[in-house]
Structures are given as C-alpha cells and as structure tokens.
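Protein sequence lines, in the order shown, are assigned to chains U and Z.
By numbering that gives the first Met the number 0, the letter at position 188 of the first sequence is numbered 187, and the numbering carries on one by one without gaps.
By numbering that gives the first Met the number 0, the letter at position 61 of the second sequence is numbered 60, and the numbering carries on one by one without gaps.
Any given hint could turn out to be false.
[Unchecked claim] Chain U regions said to be covered by chain Z (calculated; three or more residues, Cβ under 8 angstroms):
hint, segment
1, 53 to 64
2, 104 to 113
[Unchecked claim] Here's a subset of chain U near chain Z, in silico, CB distances under 10 angstroms, partners left out:
hint, residue
3, G118
4, S119
5, G123
6, M124
7, A130
8, S133
9, K134
10, L136
11, W158
12, A166
13, N167
No lab work stands behind these hints, which were simulated from the structure alone.
The structure presented is a predicted model; accordingly, all values stated were derived computationally and were not measured.
From the three backbone atoms N, C-alpha and C, an ideal C-beta is built for every residue, glycine too.
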Amino acid sequence: MATIKELEQIASQVRRDIVRQVHAVNSGHPGGSLGCADFFVALYFRILNHKPQGFTMDGNGEDLFFLSNGHISPVWYSVLARSGYFPVAELKTFRKLNSRLQGHPTTHEGLPGVRMASGSLGQGMSVAIGAALSKKLNGDKSIVYSLHGDGELQEGQVWEAAMYAAANKVDNLISTIDVNGQQIDGSTDEVLSLGNLRAKWEAFGWDVLDANGNNMEELITIIDLAKMNAGKGKPTMILMKTEMGMGVDFMMGSHKWHGVAPNDEQLANALSQLQETLGDY
Amino acid sequence: MEYLSATEKNDTRSGFGAGLLELGKINPNVIALCADLTGSLKMDAFEKEFPERFFQTGIAEANMMGIAAGMTIGGKIPFTGTFANFSTGRVYDQIRQSIAYSGKNVKICASHAGLTLGEDGATHQILEDLGLMKMLPGMVVINTCDYNQTKAATMAIADYQGPVYLRFGRPKVVNFTPKDQKFEIGKAIVLKQGKDVSIFATGHLVWKSLLAAEALKADGIDAEVINIHTIKPLDETAVLASVSKTGCAVSAEEHQMNGGLGDSIAQLLCRNLPKPLEMVAVNDSFGESGTPEELLTKYGLDVPDIIKAAKASIKRRV
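Based on the sequences and whatever the hints tell you, model everything.
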C-alpha cells in the first residue's frame with residue numbers, strides 16, 4: 000500500500016501532467032484539475048479495488064468511479080495513465096484529432112477506465128446510482144464513487160438523484176463534491192449561491208462528511224470513514240474543500256484558471272513549483 | 000386483404016406491458032424503470048411479478064435516464080417507461096450524452112405519442128419525438144402499429160445490443176398483425192402488394208393506410224402498403240424496390256412532417272430515385288384537446304387524407 004508520502008509524490012507528478020497537457024494544446028481546464036489531484040491519487044492509488052490492466056465496462060467485483068464534472072479530464076487522464084489503464088505517453092494526444100483523450104471524457108473512443116461520457120453537467124450522480132443498483136442486483140459488494148463540481152449543483156438533475164439515492168437506500172454509493180467555490184463566471188456565491196451544503200444534503204437524507212481535499216492524510220481518513228458507512232442504509236456525501244489551482248501559486252484561489260491554458264513562460268513557472276517524481280511523459 | 004377482417008381492438012401500450020412481462024420471465028437481466036406512470040404504461044404486471052427488478056423513480060425523468068444508463072454497467076437491460084414527451088424532449092441531453100454517445104444498452108419505451116393521446120392536449124402530444132431520436136447517432140427508432148407488433152418489438156429489442164427508442168400509444172386500435180410474429184428491427188413489412196402507388200406508413204397510420212388502399216380500389220387504384228415500423232435504420236432496399244415498381248409514393252405518420260418518416264423517405268428518394276412523394280403528417284403545428292379520431296381528422300391524418308395524397312402522388316408521376 001502506498002504511503003502518504005508516496006501518494007503526495009505521485010500527486011506532484013500528476014499536477015505536472017495536468018499543466019503540460021493543457022499547455023500543449025492551449026486549451027482545457029487546469030484549475031479544477033489541480034485542485035482535485037490529491038483526491039484522484041488517493042482514490043486510484045489507495046482506495047479503489049480495481050483492475051487497471053484488465054479493464055472491463057461492467058467492472059464486476061471492482062469499485063467503480065464516475066466523473067460527473069467531465070471538464071477536469073486532465074487530472075483523470077493523468078491518474079488513469081499513471082495507474083496503468085493506458086500508456087502514459089498517450090497523454091501527449093490530449094484534445095488532439097483522433098485521440099482517445101477527448102476534451103471531455105467519453106466511452107466513445109474506447110479509453111480504458113472511462114465508463115460514461117460526461118461534460119454536460121449534472122448527469123453523473125444518476126449514472127453512479129444506476130451502477131450502484133446494478134451491483135446490488137448482482138450481489139456485488141463493491142462501492143461506487145462519483146465526483147461532482149460545486150457549481151454543478153446548480154443543475155436540477157443532481158437533486159433528483161439526491162432524493163432518489165436516499166429514498167431508495169443506495170448505500171453502496173459514495174459521492175464527493177469538489178467545493179472550491181469557483182465557477183466560470185466567478186465565485187459560486189456571486190453566480191448562484193449554493194447556500195448551506197451540509198444542511199441541504201442532510202435534509203435530503205444523506206450522511207455528510209467534510210474533508211480537506213488538499214491534505215492527503217485527512218482525505219484518506221475521511222474516505223475510509225465513508226467506506227465504513229457503506230451498507231448501512233444511507234448514501235454518503237463528502238463535501239471536499241479544495242483550492243482551485245492547488246500547487247501552482249499564480250493559479251490558486253481564482254476562477255480565472257478554470258478553463259485557460261498557461262503560456263510557455265507560465266508553464267515553466269508552474270513546473271518549477273512541481274517536483275518531477277515519476278518522470279514526465 | 001386478410002388484415003381488414005380483423006376486428007379486435009387493443010392498445011399498443013398494453014402490447015408493451017405484455018411484452019415486458021414476458022421478457023421478465025425469460026431474461027433475468029431485463030429491468031424496468033418508470034417515472035410515476037406505471038398504470039398508463041401498463042408496467043404494473045411486471046412490477047407485481049418482479050418487484051426487485053422494477054424501479055420507481057418518481058416524477059424525475061432526467062434521473063431515470065441516467066440511472067438506466069448506469070444500470071447497463073453490470074449487464075442489466077433497462078427499459079424506461081413514460082410518455083413520449085417526457086421520454087424524449089424533456090430528457091434529450093441525458094439521452095444524448097449518457098445513453099447515445101456513451102453507447103448504452105437502454106430501451107426507451109414511450110407511450111401516449113402523437114395526437115391520439117387525445118384530450119390532454121398539446122403539452123403532452125409530442126409530434127417531434129421521431130425526429131429528435133433519429134438524429135442521434137446509433138439510435139434505433141421504432142414505431143409499432145398495433146398490440147401484437149408492439150409486444151413482439153418489445154421482446155425483440157432486448158436481444159439487440161444498443162440504444163433503442165420504442166414509440167407506441169394510448170388508444171385502442173385494431174389488432175391486425177399476426178399474434179406470434181417475429182419482429183425484425185429494420186425490416187419493412189409489405190402488407191398489401193400493389194402497382195400504382197407505394198404507401199409507407201408507421202404507427203397508428205398503418206391501419207388507416209390499409210383502409211385507404213381498400214377504398215382506392217373503387218377508383219381502380221392498386222396501392223402497395225408497407226409498414227415501416229423501424230424509422231431508423233430505414234429499410235432502404237424495401238422503399239426503393241417498391242417505388243421502382245410504382246413510380247410514386249405517400250408517407251403517413253402521426254408526427255411533424257419535419258423530421259419524421261416522410262422526411263427520411265424523401266432524403267432516400269432524392270438521392271437515389273427522384274419520384275413524387277406526398278406526405279401525410281402534421282404540418283408545423285401543435286395539437287389540441289379532442290378525441291383521437293377528431294384530431295386525426297382535423298390535422299389531416301385520416302383515411303381521406305391518405306386517399307387524397309395517393310391520388311396526388313399518382314398525378315405528379317411523369
């Protein structure tokens with residue numbers, strides 16, 4: 000099992016992969032990707048029971064992960080590649096013609112690790128619920144995880160799903176919201192305030208946990224806690240506070256780096272702040 | 000014509016319910032989801048028989064489509080049930096991204112399609128669903144004509160791997176196709192051979208077209224009637240073979256002219272065999288409250304309209 004220190008080193012490399020992917024095509028979403036790097040590394044290198052080498056769409060007997068806010072594809076692609084789903088060199092093809100690494104993740108080009116297209120927001124929780132129900136019917140005790148943006152909670156379908164999961168005791172589902180407080184047009188408070196998220200999810204009948212998404216040790220403790228909650232009659236929500244752009248000082252704390260790529264100079268600056276631990280692709 | 004002796008009436012939605020129940024018995028992977036319209040969709044027998052495989056989502060169609068997409072992961076074959084309006088227009092983006100683009104094996108089963116929904120009026124009478132669904136890459140689009148065919152189609156789509164839109168309706172209509180027919184996706188059925196004009200019909204207008212063909216005999220017109228139960232993939236071979244013989248065509252459907260069956264046939268004929276085509280369809284209009292028969296008459300989808308279209312098409316033939 001990877002140690003906290005090792006996981007942090009992997010996360011540093013993943014952050015390099017993110018800024019390099021986005022820089023290479025001068026497009027993509029670095030802010031949310033950097034903020035969620037620790038979460039993805041914790042999940043794929045420590046939490047998930049999964050088979051990167053023998054990917055199957057059904058994933059029977061494996062934990063499953065669904066990314067609902069598909070625009071943070073650079074962090075997912077990096078972690079999928081680094082954990083062995085496909086060659087790391089393929090990160091070079093991100094957002095290019097004829098690539099399996101589409102701007103937003105998709106099953107359409109057959110990229111191992113992806114089980115559902117996402118990009119149009121608000122749909123991932125419903126899909127994760129479906130996969131969790133399928134596991135229950137199959138007598139499969141594995142857990143289904145999903146990640147959502149906080150701005151994404153403005154989509155109504157999320158609340159349809161929230162209501163359904165609690166009412167139907169979908170307790171093999173652990174969802175996480177990336178609470179970075181930012182969306183394209185500004186802070187979530189400025190655009191459309193989300194109000195009291197804990198109170199909202201509790202009122203919908205979920206068990207709610209808080210986590211610092213940029214502290215590896217705490218993150219793992221909280222996800223382990225959530226896992227212990229599985230099978231007890233309620234879905235679990237982790238409200239994960241992150242800093243958008245985490246790891247690159249000039250990208251942190253602002254919505255401005257939601258969907259903007261760094262130029263050559265900015266890339267060099269960013270990379271100087273992120274240690275190369277596993278070797279660049 | 001053998002079919003015209005049929006008198007028993009039944010609703011196509013009951014054919015769906017019967018097919019689904021049958022499927023439940025023979026295929027343990029078939030599961031059903033419904034958004035608060037179990038009785039209307041005739042899914043209650045399945046719910047009663049297989050409660051562990053029935054999922055009531057409440058009035059939340061977007062969530063239902065997403066759950067259905069997710070349930071395919073792990074090998075389930077989900078059949079969603081709600082009205083055609085809420086099965087398509089209301090959830091178009093969910094179907095597009097989570098089902099069609101993701102290539103998920105979901106069967107979207109839609110009742111109360113078209114004007115024959117009747118008194119509920121235009122909010123519920125979707126006339127755009129075939130067009131919406133046929134534009135999605137990889138989506139199979141089926142519109143069955145009677146109880147027996149709907150039951151057969153419901154069972155057949157479970158054996159097809161990929162997303163399917165199955166459209167049927169509310170009113171009791173003559174059940175004239177064979178009881179234990181084999182349903183072949185994409186294979187048109189010639190119901191009546193003829194040499195003067197080809198009538199391509201789908202859904203409830205298939206029966207109307209048979210009646211029109213019978214009436215046309217009195218004017219010495221020998222019409223061919225073809226049941227196009229699958230709008231996509233269209234049986235291009237059957238359409239072209241018939242029009243090659245007759246030299247002119249009519250399309251008949253309970254749908255907008257834009258985007259429907261006639262539109263697909265027009266595209267095919269223009270590219271391969273430019274011959275006259277008259278379209279019996281709703282012409283850029285919403286419906287309204289009324290009885291199914293009153294509405295079909297008012298909106299030009301009745302037997303006299305098909306007769307008129309057939310004569311017009313023959314007249315345009317050079």
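**Asked** Taking 10 angstroms as the limit, does the beta-carbon of S133(U) come near enough to a beta-carbon in chain Z?
**Response** Hint holds; S133(U) Cβ to chain Z Cβ min 3 angstroms, cut 10 angstroms.
Practice task
With chain Z as the partner, please determine if L136(U) meets the hint condition of a C-beta pair closer than 10 angstroms.
Solution key: Interface hint status for L136(U): holds (7 angstroms vs cutoff 10 angstroms).
> Would you say the segment 104 to 113 of chain U counts as covered by chain Z, given the rule of at least 3 residues with C-beta under 8 angstroms?
Replying inline: Coverage by chain Z holds here, the residue count being 3 at a Cβ distance below 8 angstroms.
- Query: Is the interface hint for G123(U) satisfied, with its Cβ closer than 10 angstroms to some Cβ of chain Z?
  - Reply: 8 angstroms, holds
Task: Evaluation of the interface hint that places M124(U) against chain Z, nearest CB under 10 angstroms - done: With a closest approach of 7 angstroms, the M124(U) hint holds.
Chain Z contact restraint for A130(U) - C-beta distance below 10 angstroms: Holds, about 4 angstroms.
TODO: Check whether three or more residues of the segment 53 to 64 of chain U sit with their beta carbon closer than 8 angstroms to a beta carbon of chain Z.
DONE: holds (count 5)
Open item on the list: Let's test the interface hint: is any C-beta of chain Z closer than 10 angstroms to that of K134(U)?
Closed with: K134(U) check passes; min Cβ-Cβ to chain Z is 6 angstroms, inside 10 angstroms.
Any CB of chain Z closer than 10 angstroms to the CB of G118(U)? 7 angstroms, holds
- Is the interface hint for A166(U) satisfied, with its Cβ closer than 10 angstroms to some Cβ of chain Z? Because about 8 angstroms separates A166(U) from the closest Cβ in chain Z, which is inside the 10 angstroms limit, the hint holds.
- Query: Against chain Z, is N167(U) within 10 angstroms by beta-carbon distance?
  - Reply: 8 angstroms, holds
**OP:** Identify whether the interface hint at S119(U) stands, where standing means a beta carbon of chain Z within less than 10 angstroms of its own.
**Re:** Hint on S119(U): holds, closest Cβ of chain Z at ~5 angstroms, below 10 angstroms.
In terms of the numbered hints stated before, the structure departs from none.
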